[in-house]
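Listed in order, the protein sequences are those of chains A and B.
Terminal number for the first sequence in our numbering: 394, no gaps in between.
Terminal number for the second sequence in our numbering: 250, no gaps in between.
What the hints contain is simulated information worked out from the structure, not anything from laboratory work.
Predicted model only: the values in this text are computed from it and were never measured.
Wrong hints could be hidden among the right ones.
Stated by the list, open to error - Straight-line distance between alpha carbons at most 25 Å, and here's what the computed DMTMM-like set of lysine to aspartate or glutamate pairs gives:
1. B:134 x A:353
2. B:58 x A:42
3. B:165 x A:229
4. A:155 x A:229
5. B:165 x A:353
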Amino acid sequence: MTTATEAVKDGAVQHGLQAHSHGAGVPIQTRNERMRSTNVADFPPVTPREEQWRYLPAARLKGLDADSLSEFVGDLEVKHSDGVTTSWVSSDHPAFGAAGTPEERPSAAAWGSAEQAYLITLPAEQSSEVQIALTSESTEPSALHLIIEAKPFSKASVILDHKGDAILGENVEIIVGDEAELTVISIQDWNEEAVHASTQLAKLGRNAKLKHLVVSLGGETVRVSTSAEFTAPGAEVELLGMYFADSGQHLENRLFVDHAVANCKSRVTYKGALQGEQAHTVWVGDVLIRMAAEGTDTYELNRNLLLTEGARADSVPNLEIETGQIAGAGHASASGRFDDEQLFYLQARGIPEAEARRLVVRGFLNEIIQQIGNEEIEARLTDAIEAELARSDS
Amino acid sequence: MSVLEIKNLHVTVETEQGTKEILKGVDLVIRSGESHAIMGPNGSGKSTLAYTIAGHPKYTVTEGEILLDGADVLEMSVDERARAGLFLAMQYPVEIPGVSVSNFLRTAKTAVAGEAPALRTWIKDVRSAMDSLKMDASFTERNVNEGFSGGEKKRHEILQLDLLKPQFAVLDETDSGLDVDALKIVSEGVNRAKEANGFGLLLITHYTRILRYIKPDFVHVFVAGKIAEQGGPELAERLEAEGYDRYVKA
Chain A
1 MTTATEAVKD GAVQHGLQAH SHGAGVPIQT RNERMRSTNV ADFPPVTPRE EQWRYLPAAR
61 LKGLDADSLS EFVGDLEVKH SDGVTTSWVS SDHPAFGAAG TPEERPSAAA WGSAEQAYLI
121 TLPAEQSSEV QIALTSESTE PSALHLIIEA KPFSKASVIL DHKGDAILGE NVEIIVGDEA
181 ELTVISIQDW NEEAVHASTQ LAKLGRNAKL KHLVVSLGGE TVRVSTSAEF TAPGAEVELL
241 GMYFADSGQH LENRLFVDHA VANCKSRVTY KGALQGEQAH TVWVGDVLIR MAAEGTDTYE
301 LNRNLLLTEG ARADSVPNLE IETGQIAGAG HASASGRFDD EQLFYLQARG IPEAEARRLV
361 VRGFLNEIIQ QIGNEEIEAR LTDAIEAELA RSDS
Chain B
1 MSVLEIKNLH VTVETEQGTK EILKGVDLVI RSGESHAIMG PNGSGKSTLA YTIAGHPKYT
61 VTEGEILLDG ADVLEMSVDE RARAGLFLAM QYPVEIPGVS VSNFLRTAKT AVAGEAPALR
121 TWIKDVRSAM DSLKMDASFT ERNVNEGFSG GEKKRHEILQ LDLLKPQFAV LDETDSGLDV
181 DALKIVSEGV NRAKEANGFG LLLITHYTRI LRYIKPDFVH VFVAGKIAEQ GGPELAERLE
241 AEGYDRYVKA
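With the hints as extra help, turn the sequences into a complete structure.
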């Protein structure tokens, strides 16, 4: 077996400028050897010695790493088109656990603590839309389990919108049936003191397509761990993310794409902006191309824009390749300050500096927002970014 | 009638080998409606002059003045200079991901004019300026300079020149990297904008070929950070025949 952490084919490797770490000093553990369990007791306590918790101190989890959590008591306001069905199901339902198994302590804690899961079924051979507004005012560490099941040949988009105050451990299972085409958007627009650890597990069938988009703006600590597993050939995932961290915020995204079968394609694109003292973002992108995954085509990219001094962006791409028979694999990671030449160009056209900065940041993040495909939400997020930027001017 | 005066301009730049003086006392006066060509070999400081006028932070003025109708340009920020009526068409325009050409043009026009342009006339103006530069309408939906060919970048610069209507335009090697057809379209665009707006033009070029399309009133030969010789259009013809050798050797 070969383990590679750099691009091997058709891949550009582009390394960043500052505040950019690259996994030095961490023992190499291949991703498929990582422990998986639904039982929280199987996981050791959260400590920085573990690779998964290298950047996030346990104290920031505010109890989400405990053995058990209370049931989620907030509101789920669900709007959906005709044909979509929703129900609470118990853990013996066949969909419960169908998309994967926890790989981290908070995920296992939430798994065991949620007695029921909210199941959203997207009907076969038709188009549907779902919007879930999740709001909470409780600051008890609590657990929620959601399952999105896209039936074969379905075409659907699901928006999951998190707002309010919460200390929430969440598992979102995403089952993408054969030939289904699904978009899932998870927005973390929490109040200032919220803590959120979300594990989003996707499993894709034959020729299935998943576009998954994570937008993290508000919350003291927000960690979204997204994984996608291919189970049959011809499937594609596009994992997109956008985050904007302010002073004192910790926004973390961990991704895992498991190319277990041949001829699948994955694209990962995450972009973040940071401003203020102790603003911290972490992006870890693991891609595993197993022996059987011939013809794999993968590329992952993370870019961070540091708007002020005192912010820190960690960006760690990992590519493990067990077969040479692939179509392409690469990664790029860059974290840097403002491009002075961009500012000069805009200012040379009369645009004042503060406005030029806003234009550049907006443009940088817009690339991801434009992918949402819902005007109302795009406008809301654009406004939220404007508000963040306005804060940086004052 | 406006006048741009450059007096005894000395400019340095920081290099790995320390501070280096690039401009060593440049004197130049440009009036509205005049066309000046600055020609010179590589490394003579032509582009430094262009970027210093625009206010690029990389260049430090150690001595001398730049005055626009008597106002001290060196005291102005980059954007203030643009709003005061100076325009630089860049040799290597940068990409600005996620910012569309239409948004960029409207933002720039609003900044320079001090108010947002009336939407209907603005759209018409942009379209007709693009038509005359033979640019496709879909161009405005693309991101600024992203994936533009060399020719598209230069057309986009001249499109801005046409729409922003400056008092003085500095064109930094706008001819470089253009094929014959593109050079003609771009030159015609410059001539048309100049005729319509009457700005003073400072055309920086290494080659004489653009001067066949944009006729200069004055030609200045730039060597080692200074103007070595100046004259009328006949000087360009002489340079075409003889090259820069006699200045460089002297």
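Results for each hint:
Distance hint between residue 134 of chain B and residue 353 of chain A is unfulfilled; the C-alpha atoms sit about 32 Å from each other, more than 25 Å. Pair hint residue 58 of chain B plus residue 42 of chain A does not hold up; C-alpha atoms about 58 Å apart against a cutoff of 25 Å. A hinted pair counts as satisfied when its Cα atoms are at most 25 Å apart, and residue 165 of chain B with residue 229 of chain A does not qualify at roughly 56 Å. In summary, the hint linking residue 155 of chain A to residue 229 of chain A is supported, as the alpha carbons are separated by about 19 Å, within the 25 Å threshold.
A distance of roughly 21 Å separates the Cα atoms of residue 165 of chain B and residue 353 of chain A; the hinted pair therefore holds under the 25 Å criterion.
Against the hints set out earlier in the document, violations occur for numbers 1, 2 and 3.
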